[in-house]
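Colleague: Chain by chain, the residues run as shown.
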Amino acid sequence: MTFVPATLLPLTVAIPMVFCAVLLATAHLLPSRVPDILALLAALAVAILSAVIAVQAADKPLVYWFGGWEPRDGVHLGIGFSVDAASGWIAAFIGLLYALTFVFAWGFFDRTHGHFHILMLLFLAAMVGFCFTRDMFNLFVWFEVMSVAAFALTAYHLAESSLAGAINFTVVNSLAGFLMLGGIGLIYAQTGTLDFDGIAAAVAQGGRSPVVAGAFCLVAAALMIKGAIVPFQFWLADAHAVAPSPVSVIFSGSMVSLGLFGLAKVSAVVFGGSDQVQGALPALLIGLGSVTALLGGWMALLQRHLKRMLAFSTISHAGIMLTGLGALSAGGTGGMLVYVVGHGLVKGALFMIAGILLATQASIDEIALRGLGRRIWPAGIAMALAGFLLCGLPLGALDQGTRLVQGALSQQGHGIALAATAIGAALTGAAVLRAAGRIFLGLGPDPGDEAGAPSADEREKANRPLWLMLAPCCILLAVDIVLPPDLIAHALPRAVSAFTHRPETGPLGEGPGWLPWFSVAAALAGAGYGLFRKRLPPVLVRPVHVTQSAPTRALEILHSGLIGDYAAWLAVGVAVIAAVLAMV
Amino acid sequence: MSPRIRVALLALSALILLPCAAQVIAGLPAFGSTIAQYGARINAITPEARHVANMVSAINFDLRGLDTLGEEFMLLAAITGTVVLLRGRRGEGMTGRAMHRPGRAVIPRSEATVLACRIAGPLTAVFGLYVVVHATVTPGGGFQGGVILASGTLLIYLGEGYTGWRDAIRSHWLDVLEGGGALLFALCGLVPMLTGAAFMQNVLPLGTFRDLFSGGLMLVENLGVAMAVTGGFTQLFLEFMEETREAEEPDEPGEESA
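As given, the protein sequences belong to chains A and B, one line each in that order. The first sequence lines up with residues 1 to 584 when you count with the numbering used here. The second sequence lines up with residues 1 to 258 when you count with the numbering used here.
Don't read these hints as lab results, they were simulated from the structure. For each residue, glycine too, the CB sits at the ideal point set by N, CA and C. Among the hints, a few may not be true.
[What the hints assert, rightly or not] Here are a few chain B residues that face chain A, going by a calculated C-beta distance under 7 Å:
no., residue
1, Leu9
2, Ala168
3, His172
[Unchecked claim] Taking CB as the label site, the calculated pair distances span:
no., chain 1, residue 1, chain 2, residue 2, range
4, B, Met1, A, Trp467, 45 to 51 Å
5, B, Ala26, A, Phe178, 19 to 25 Å
6, B, Ile45, A, Trp467, 56 to 62 Å
7, A, Gly415, B, Ala36, 25 to 31 Å
8, A, Ile381, B, Gly27, 26 to 32 Å
9, A, Leu562, B, Met241, 29 to 35 Å
10, B, Pro139, A, Arg502, 53 to 59 Å
11, A, Gln278, B, Met241, 33 to 39 Å
12, B, Pro3, A, Lys534, 39 to 45 Å
13, B, Gly103, A, Gly442, 48 to 54 Å
14, A, Arg375, B, Leu194, 50 to 56 Å
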């Protein structure tokens, strides 16, 4: 090939932007399906371009300087993109997720002047820019574009619940923006540059400095807010539960994990030379990650609102990703990167199924939907499969990521974190399998009066045939299953070394083979308990009932939906990060 | 949580955060002690390399043009989001009259107001254009000028009343202006790539230092930003003004918003 692949780099961001500007300028003239087609084409173009770039970046990261401002005499003047293989593949995955979401949402947003597509395309451009940039302030710009687009998309239904969820989301994530900007200001004051490599060099030279630690504290808090890590996680369930289903697919599939992806990059590259930060990371990330994995899973099990259940499951999986990151090893980071893709594919599929239920059965309440899914049984098969994959069925990319994360944790002897990843996955899997059993097989007791959902009536437009909604969902699951594990295992060590700017290590170790099976068995047991509790002997039921009701109630009280509470917990979270940094 | 627990939590975290913050602030370089290497280098290079006197424009539209492109589209997202939120429930009727508060007298607009607006309106527009085109020479630029231009349109509302404003301002045209401006900015990035240069590389003739025509591509980018900001802000004004429109029929929630 004659072209230089690095010249393609800006296109991945520019293409969705150009499509978005054209859509805005001409939407009132375009026939109704054209925005759908244009958005789909843009997303596919981003996916393909990113994949090409990722392939080209396999040997050496591609670097691109915007405006031709290359560094002069070691001073970074302009903004650069730096793409390693891992970042490229993540961007390609995001492009694919968007393309399938546009198919899923085909015709869903009629008569809206393409506003949905405009916001989604900007969301896409921001995510790709976030993956590729090597400049702190530019990272912040994409972080903010992501947030702004996401706020509006959350409130799209304009119902009372969606506006409330969007407000919580907006306030918490705007606070994240302030924290991040403050952190960037600190690191710029200390190092005099914004380029990742420039900062890294200055940080490594500077020795221990409270300013660097403070900058990391603020930036990490901001990214963990995006990544929905306890105690920053509250906004997520409120926002994901009320956003339109196609938007929830993107939120859970990519936005949340992208926050952690950013954290991985920033902590490995930018703050890689700070002993204080590196010393604090394992305790901080593994501790918070384990708590997040358990709390998210437990809360997921308590929900009857399907999308809220899936949202808490996302929190749990974000915690698992964070523990992988906290292992600070090639295996942990590599596992986390694979996990991001695998989880995004499976969780995206699950939110699509929730959308199918909203459209065809006009409800999102697990109890009210009991047995109503029989007519759309293919969706039930997909949901059961996704549930099994979620809890660790040894198949596909999600499983590979899980095993790499668990391998890294067990190598370093983090037994509690290892157990937390297995139990967290089992809990969310149990929640999904229980819902699948109840909705599609009609299992569980007849709800009687309880069938009336406590939440407001919800439904989404039923203007699409089932196959059109089910096809992208099945493609997501299929991609997760057919991603070749050998190729990934082969390419991963080098990709991780390029991603973290650390020398390559040998093949990455995997966790014990029985652990995923344990998660599957525990998930089945949990789902069975949830469905057949009334038929079990009281000897089994009573101890569970007695021990879990108090903590459960406490957890439910914590998730109050009040923004003041969330802000207070946010402050606690920042204080925790600061305290861990101060103790190193 | 009760407010008391909430405050207690905050106080607890402040107990940890305040000493840390004090330590960080103490560790910062003293005020004015150093000029960052980055800033010093940019000040040294840019006037010669880009023939630009307004360093802020040089940073915004050339050195860190990608950030500005991102910010421009962030503005676009924010405005689109506002339109979704406000228009979604209200619908898009055109013929409505402004709402009148029952019981409050409608005082006719005084001729002095009309005259003042008709004089100030065009002047504001000219000043806005001036700020836009002098981006590379004097403080200001596409964003500031665009906001001035947009606020000029508000004088139509003040001087001609709701109906006059609605006749003059068409939402679709604002969309075209906003989208077209953003597109122009994005194309300023892409077109240089056709010549083999980098994205948003300044390939146009740079012009004369301290002249209106200096800075090359920056002038075009400024124009794009000015268009987008004018269109976007006027769109915002329109949506907020429409909140005062008299409802014609009971609104149909959910129909517009899928």
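Colleague: A/Ile381 and B/Gly27, beta-carbon distance inside 26 to 32 Å?
Modeller: With a Cβ separation near 59 Å, A/Ile381 and B/Gly27 fall outside 26 to 32 Å, so the hint is violated.
Colleague: Given a cut of 7 Å on the nearest C-beta pair, is the interface hint for B/Ala168 held or broken against chain A?
Modeller: 18 Å, violated
Colleague: Can the suggested window of 45 to 51 Å be confirmed for the beta-carbon pair B/Met1 and A/Trp467?
Modeller: 47 Å, holds
Colleague: Does the hinted range 53 to 59 Å hold for B/Pro139 and A/Arg502 at CB?
Modeller: About 46 Å separates the Cβ atoms of B/Pro139 and A/Arg502, which means 53 to 59 Å is violated.
Colleague: Evaluate the given range 56 to 62 Å for the C-beta pair formed by B/Ile45 and A/Trp467.
Modeller: For B/Ile45 and A/Trp467 the Cβ distance comes to about 59 Å; the hint holds.
Colleague: Range first: 50 to 56 Å. Now tell me if the beta carbons of A/Arg375 and B/Leu194 are that far apart.
Modeller: Because 54 Å falls inside the window, the suggested range holds.
Colleague: Between A/Gln278 and B/Met241, does the C-beta distance stay in 33 to 39 Å?
Modeller: 55 Å, violated
Colleague: Measuring from beta carbon to beta carbon, are A/Gly415 and B/Ala36 in 25 to 31 Å?
Modeller: 47 Å, violated
Colleague: Could you tell me whether the CB distance from B/Gly103 to A/Gly442 stays inside 48 to 54 Å?
Modeller: Once the Cβ atoms are compared, 59 Å apart, the range 48 to 54 Å for A/Gly442 and B/Gly103 is violated.
Colleague: Please check whether B/His172 passes as an interface residue: C-beta within 7 Å of a C-beta belonging to chain A.
Modeller: Cβ of B/His172 sits 5 Å from chain A, so the hint holds.
Colleague: Starting from the range 29 to 35 Å, see whether the pair A/Leu562 and B/Met241 falls in it by beta-carbon distance.
Modeller: This hint holds: roughly 33 Å between Cβ atoms.
Colleague: Would the hint on B/Leu9 be counted as holding, given a Cβ-Cβ threshold of 7 Å to chain A?
Modeller: 4 Å, holds
In terms of the numbered hints stated before, the structure departs from hints 2, 7, 8, 10, 11, 13, listed from lowest to highest.
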